[in-house]
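Same order as they appear, the protein sequences are chains A and B. Number 182 in the numbering used here belongs to position 182 of the first sequence; there are no gaps in the numbering. Number 303 in the numbering used here belongs to position 303 of the second sequence; there are no gaps in the numbering.
Careful: at least some of the hints might be erroneous.
Under 10 Å between C-beta atoms, here's a sample of chain A residues computed to sit facing chain B [to be verified]: (1) D92; (2) A124; (3) V132; (4) R269.
Here are a few chain A residues that face chain B, going by a calculated C-beta distance under 10 Å [to be verified]: (5) W19; (6) E33; (7) G37; (8) V94; (9) T99; (10) Q127; (11) T128; (12) P260; (13) V267; (14) A305; (15) E307; (16) L308; (17) R309; (18) T310.
Label-pair restraints from in silico Cβ distances [unchecked claim]: (19) A:S7 x B:G284: 35 to 45 Å; (20) A:D281 x B:S327: 49 to 59 Å; (21) A:D281 x B:R142: 51 to 61 Å; (22) A:A222 x B:E298: 33 to 43 Å; (23) B:T61 x A:E189: 36 to 46 Å; (24) A:Y22 x B:Y22: 51 to 61 Å.
Simulated from the structure, these hints should not be mistaken for lab results. No experiment lies behind these values; they were computed from the predicted model shown. No residue lacks a Cβ here, since even glycine has one placed at the ideal position from N, Cα and C.
Here's the letter readout for the chains.
Protein chains: 2
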Amino acid sequence: MPTVAFSAVELRARSGRKWHRYADDVLPAWIAEMDFGVAEPVERAMRRLTDEASYGYEGSTLYPALAEAFATHMQERFGWQPSTEHVVPVADLVQALFTLVSAFTQRGQGVMLHTPIYPPFLDAVRQTGRGVVEHRLSDDGRRFALDGASVRDVLNQDVPLLLLCNPHNPTGRVFERDELEAIAAAAIEHDAIVVADEVHADLTYTGHRHIPLASLGPEIAARTVTITSATKAYNFPGLRCGLMSFGSSDLRERFRAAIPDRMLGIVTRFGIEATITAWRDCGGWFDEVMAQLHANRERVARFFASELRTIGFHAPEATYLAWLDCSGLQLPGGPYEFFLEQARVALNDGADFGPPGRGHVRLNFATSAPILDEILERMARAVHHL
Amino acid sequence: MPTVAFSAVELRARSGRKWHRYADDVLPAWIAEMDFGVAEPVERAMRRLTDEASYGYEGSTLYPALAEAFATHMQERFGWQPSTEHVVPVADLVQALFTLVSAFTQRGQGVMLHTPIYPPFLDAVRQTGRGVVEHRLSDDGRRFALDGASVRDVLNQDVPLLLLCNPHNPTGRVFERDELEAIAAAAIEHDAIVVADEVHADLTYTGHRHIPLASLGPEIAARTVTITSATKAYNFPGLRCGLMSFGSSDLRERFRAAIPDRMLGIVTRFGIEATITAWRDCGGWFDEVMAQLHANRERVARFFASELRTIGFHAPEATYLAWLDCSGLQLPGGPYEFFLEQARVALNDGADFGPPGRGHVRLNFATSAPILDEILERMARAVHHL
């Protein structure tokens with residue numbers, strides 16, 4: 001039962017970075033995983049593997065089944081039917097970002113992304129010797145808006161790649177059709193490639209609709225690499241399985257010529273079977289998770305609208321992440337340090353999300369109601385002591 | 001009990017490529033894994049993980065423990081104490097080969113290797129756009145010899161990297177000190193880098209001694225990347241965990257500048273905990289495996305010395321692989337196809353191991369005595385029907 005989350009004591013007794021990176025009196029609301037364990041069918045599937053204890057070579061023999069499960073899930077959730085032919089598994093989507101940037105750009109070229117942005121996007125560009133080309137989302141007072149009209153001004157011969165994050169981490173935006181169409185038109189016009197990280201797509205709240213970029217039409221699909229994983233929505237990042245879905249054989253071949261498949265390593269049977277099980281058998285568990293996340297999102301929204309109005313907040317349209325503008329707090333240092341030290345709450349430091357992230361923190365609210373209450377109350381107490 | 005190997009029926013009932021790639025009437029003696037399952041402590045460690053079902057982010061938090069276990073195992077087995085500082089985990093050693101070739105050479109440059117050679121060595125060179133520069137081992141009638149004197153004639157500015165496989169796959173040679181010193185001297189003289197794949201080191205038979213290349217001295221260590229894994233000797237390739245041990249911080253930094261760590265993906269807790277358990281707690285199991293492999297090697301040697309003398313064979317000094325020279329058989333086609341079709345035994349095709357592999361096959365004898373007998377008898381019958 002995901003809605004009955006583990007207690008803090010139980011969570012600390014388990015392994016993993018989320019509950020062990022900070023001192024025991026700190027409540028972790030940082031790294032994007034949920035305090036809900038995994039669905040029972042996933043647990044059972046993993047136990048079946050260790051009961052069988054068959055640890056010989058599988059190679060890529062399980063990859064076609066993974067590609068099938070992916071295509072079926074996309075069809076069911078988003079009415080999008082990707083090809084199963086050009087699916088390449090990876091250990092995680094950060095590996096995908098790094099290799100795709102390497103494959104589709106040259107050192108010194110620029111890569112466009114929408115800041116504030118999940119820090120590995122910036123790492124993937126900088127650590128491969130490419131240049132970050134920011135296209136900033138702007139807070140229009142209601143939400144973070146993407147200026148579709150100006151995308152075409154950013155892409156050019158020296159900026160041949162856009163890393164799209166949709167739903168967007170950290171703002172929780174689910175980009176709408178007109179925003180995506182502006183991106184598609186600009187990419188086509190400039191012969192650019194788009195990597196669309198859609199890993200949070202399942203976590204879209206009622207009232208919003210996730211549209212896979214590659215579903216807009218064949219022309220944009222042919223230049224889009226969609227990257228996704230079941231590990232976010234079904235909560236098993238430690239099992240390490242994601243995939244890249246190339247929208248055309250041309251794109252797939254260009255990638256293969258730059259990065260031979262064996263350079264990626266091979267994903268384990270644990271990751272693949274967990275993913276297939278999640279997408280096939282865990283819809284009930286996931287619905288309960290979404291109900292809990294929805295309740296938590298309302299709790300967070302009420303809280304920032306009443307008890308901590310000095311912090312700017314727009315309820316996310318997807319994800320269990322809240323992007324908090326703390327610039328109105330007039331803190332002596334940064335808000336990440338302030339909340340860690342004064343509230344004993346570990347958030348993600350907005351400064352890591354690019355220049356517009358300064359003065360912000362990212363809060364992960366995928367936990368039980370009592371822990372979430374404690375997190376919010378600690379934050380309020382710390383601010384009120386200022 | 002590893003010495004009581006599974007029956008063919010049991011093996012076919014398990015998952016994995018070895019027993020499923022070919023039709024059910026074919027006995028598999030190809031891919032390098034053993035029909036012995038894994039040690040009980042490894043089974044238990046894996047079951048502990050699925051009992052806990054804690055599948056959150058670990059990131060690289062377990063990497064230092066893996067590096068420690070590696071250094072301890074190298075010290076215990078080979079009297080070599082590598083640094084724990086410059087250890088980088090990978091999913092498998094083929095990923096290591098591909099990334100190391102990419103990092104330390106330019107497209108168009110040559111990479112030296114000792115043919116016949118494990119096919120992914122050739123793939124790692126060719127698929128990254130580098131050139132294969134062969135240094136052939138020669139059959140001196142007793143074993144495959146490495147001509148140390150000529151190594152220095154092969155390395156040069158355009159051939160700045162040597163991929164060493166020691167113990168050597170497929171010939172089973174364990175190179176001796178003078179052979180290794182010739183390699184070291186040539187690499188130092190030409191300012192070349194050596195990647196030493198020593199994954200078969202544990203599988204060295206009594207009477208031979210594996211010497212890690214990097215243990216020869218600080219000068220060669222500083223230019224050596226040793227790659228290894230517990231998955232070969234402890235038989236869990238499906239868990240996907242290997243490592244690269246850089247012999248100097250300079251080498252490590254050069255690699256990092258070319259291939260950012262996150263491009264490699266992150267190894268799972270399953271692979272890391274299995275590896276640590278294998279190296280720490282499975283010596284008894286491994287001794288039994290070696291006793292069984294030793295008996296099998298004797299069986300194979302007797303067989304080719306008596307019943308199939310037309311096939312050339314030198315008993316391997318390490319590994320459970322027999323490299324068979326079938327050029328004396330005067331087959332109409334290749335020996336791989338002949339034994340697959342006429343004997344219903346699946347071997348590895350020597351032609352995949354580079355030009356000197358033509359006319360050869362590689363036989364995996366890591367199976368139970370009855371299955372091994374059946375394999376050898378089928379081969380003999382097929383040859384005698386010629």
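> Are A:P260 and chain B close enough, Cβ to Cβ, to be under 10 Å, as the hint says?
Replying inline: 4 Å, holds
>> Between the beta carbons of B:T61 and A:E189, is the distance compatible with 36 to 46 Å?
In response: Holds - the Cβ-Cβ distance for B:T61 and A:E189, about 45 Å, lies within 36 to 46 Å.
> With 10 Å as the cut and Cβ atoms as the points, is A:W19 at the interface with chain B?
Replying inline: 8 Å, holds
>> Let's test the interface hint: is any C-beta of chain B closer than 10 Å to that of A:G37?
In response: Result: holds, 7 Å to nearest chain B Cβ.
>> Between the beta carbons of A:Y22 and B:Y22, is the distance compatible with 51 to 61 Å?
In response: 53 Å, holds
> Holds or violated: is there a CB of chain B closer than 10 Å to the CB of A:T310?
Replying inline: 31 Å, violated
> At the C-beta level, are A:D281 and B:S327 separated by a distance inside 49 to 59 Å?
Replying inline: 54 Å, holds
> Is it true that A:D281 and B:R142 lie within 51 to 61 Å of each other by Cβ?
Replying inline: 59 Å, holds
>> Tell me if the interface restraint on A:E33 is satisfied: Cβ within less than 10 Å of some Cβ in chain B.
In response: 5 Å, holds
> Can the hint on A:T128 be confirmed by a CB-to-CB distance to chain B that is less than 10 Å?
Replying inline: 6 Å, holds
> Regarding the hint that A:V94 lies at the interface with chain B, is the smallest CB-CB distance below 10 Å?
Replying inline: It holds, given that the least Cβ distance between A:V94 and chain B is near 5 Å, below 10 Å.
> Using the C-beta atoms of A:S7 and B:G284, is the stated range 35 to 45 Å upheld?
Replying inline: For B:G284 against A:S7, whose Cβ atoms are near 41 Å apart, the range 35 to 45 Å holds.
Hints 3, 14, 15, 16, 17, 18 and 22 from the earlier list are contradicted by this structure; the remaining hints agree with it.
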